[in-house]
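Visitor: Please arrange chain B on chain A, whose structure you already have, making use of the hints.
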Amino acid sequence: MTATTSPDTTTGTRRADRRPPALGGFSAAVLAIEIRRVLRNRRTLMFILVMPAVFFLLFGLPSRGDTLDNGLPVTGWIMISLAVYAAMVATTSAGAAVATERALGWSRQLRLTPLRPAAYVATKVATAMVLGLLGVLVEFGVGAASGVRLPVHVWLESGLTAWIGSLVFAAFGLFVGYLAPAENVMQFMGPALAILAMLGGLFVPLDLLPDVMRQIAKFTPVYGVGQLARAPLTGTGVDWAAVGNVAAWTAFFGLGAARLFRRDTTRV
Amino acid sequence: MTDTAPAVELAGLTKTYGPVTAVDGLSLRITAGEVVAFLGPNGAGKTTTVDMLLGLARPDAGTVRLFGGSPIDAVRHGRVAAVMQTGGLLKDLTVAETVRMTAHFYGHTRPVAEVLERAGIAEIADRPVGKCSGGQQQRLRFALALLPDPDLMVLDEPTTGMDVEGRRDFWQAIRADARSGRTVLFATHYLDEADAYADRIVLVRAGRVVADGTTAEIKNLAAGRVVRATLPGADQAALAALPGVRSVEVRGDAILVHSEDSDVVARHLLTRTDARDLEITSRNLEDAFLALTAA
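Protein chains in written order, with the working numbering: chain A, 1 to 268; chain B, 1001 to 1295.
No lab work stands behind these hints, which were simulated from the structure alone.
Computed from a predicted structure; not experimentally measured.
Chain A residues, not near chain B, derived (Cβ > 10 Å throughout):
1) F55
2) L58
3) D66
4) T67
5) V74
6) A122
7) G141
8) A180
9) N184
10) M198
11) P205
12) T220
13) A241
14) V243
15) G256
Per label pair, the in silico range of CB-to-CB distance:
16) A:L137 <-> B:E1165: 48 to 58 Å
17) A:M46 <-> B:G1068: 51 to 61 Å
18) B:R1168 <-> A:L57: 55 to 65 Å
19) A:F219 <-> B:P1041: 50 to 60 Å
20) B:G1062 <-> A:R263: 21 to 31 Å
21) A:M213 <-> B:G1062: 51 to 61 Å
22) A:A194 <-> B:D1092: 19 to 29 Å
23) B:E1165 <-> A:R263: 39 to 49 Å
24) A:L137 <-> B:G1068: 49 to 59 Å
25) B:G1068 <-> A:I195: 51 to 61 Å
26) A:M213 <-> B:D1092: 31 to 41 Å
Glycine residues also receive a C-beta, built at the ideal position from the N, C-alpha and C atoms.
Next comes chain A alone, as it looks inside the complex (with noise of 0.2 Å):
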């Protein structure tokens, strides 16, 4: 942002130039700076981009060479699930990076600045999303390079949707994030989000578990997005109860989150 007038340093900035900021402070430059902020995090990247990454190498390598029922090969299978778990692990971090921002106390200084809250939750989202698309892109240039060949609608349509469905998370990290304010939130998030992406299939198919724990699975928030992720690849279509776990994860998470948001930005 550069000054467009130059204001008089005998008497301070004009009256005009006092305005509030647009989109409440909303941009693309903070944006970048958001980005830049979390790739040079080390741990970060460490849990976003490489480890998803080596778990395609150590546990779908091995089954090259398998097909499922249609022909498409099960490394397909097992990449499309480790994106959607790529996806969610960065944008739940994302989102709880609140938490670390609250307990350091950074959202106490923010209200001394014209900021609007909402433009502060927008930054995170779209941060999110842009580090959600990172590990999809990751996942799939390494499932590539490693000789996982599908159809191109199945690229599109499947990276689209892990991509898109991990809002969902962004959200639940959001949650979390209002929930408790603490600075070291991700280390416990990590095995919660580990279990969580067991329970959604992602590490392996249901059929595996026992009856009970795939009943109780189906209604897991990670259960729906692996779910429509790899339809595109298993091509059983749409699975309403899979859009039904979406929608009620989403709106769960979305609205649990808008209301701690708004208990943190009442002024008391």
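Guide: Here is chain B on its own, set in the frame of chain A:
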């Protein structure tokens, strides 16, 4: 909002936390351009008052007006900025990134390079915030507060936890920023800071204003001045009868007269007696502070 409105107008401000009344009917009016120290011991209600003044806390009773408008309005238009005791910073951003990012939250700001320079942190612009000392972080907060070129700058115990050198550097930066017309309100429990940097001192205790005046007035208020002179065989009764005199002490040939009106004592000594080597000293601010804030 008009420019003739006072910079700060607090009326009957009250805030309780459970059984504790932190601020108890506090009223204060600050005209544009004043540099005011908000002085009081820990727990006097300074931070709570500052929080309400900035719109970070809602008063239970009373009103806050900044330049005739609400605190939120003043924040939104960049008319008020603050350096808080506990305002957090993001450790993984550099100093310059923090300022650049914050600049985007305003409709208009001074150039980033300029505020870094004025806060005295231009040479550490590329250092991660997490690696900065407490004093450097505080100057970064000051740089952030300079961004909107505010009409009112609020500093809440800005040098708490700094070493002597850090405090000196910080106040140097504040002083260097002596833009004419900027109103400054700083809360502190350091007497020397209030004495050295404020035009006016507002003394608070238990959530109330207990004294309000220029530094000299505040010193005078509690302790008056001491007039010392060499006067062998002084008439103690005559001196004690002068208006404003509190006590007369004789130490050999010297006399020490404690008085609320040192001028009267001096005039009397120099015109009616043979007193010589006359000295007038203020009791220091610490005496005034202790006398006024003792429970």
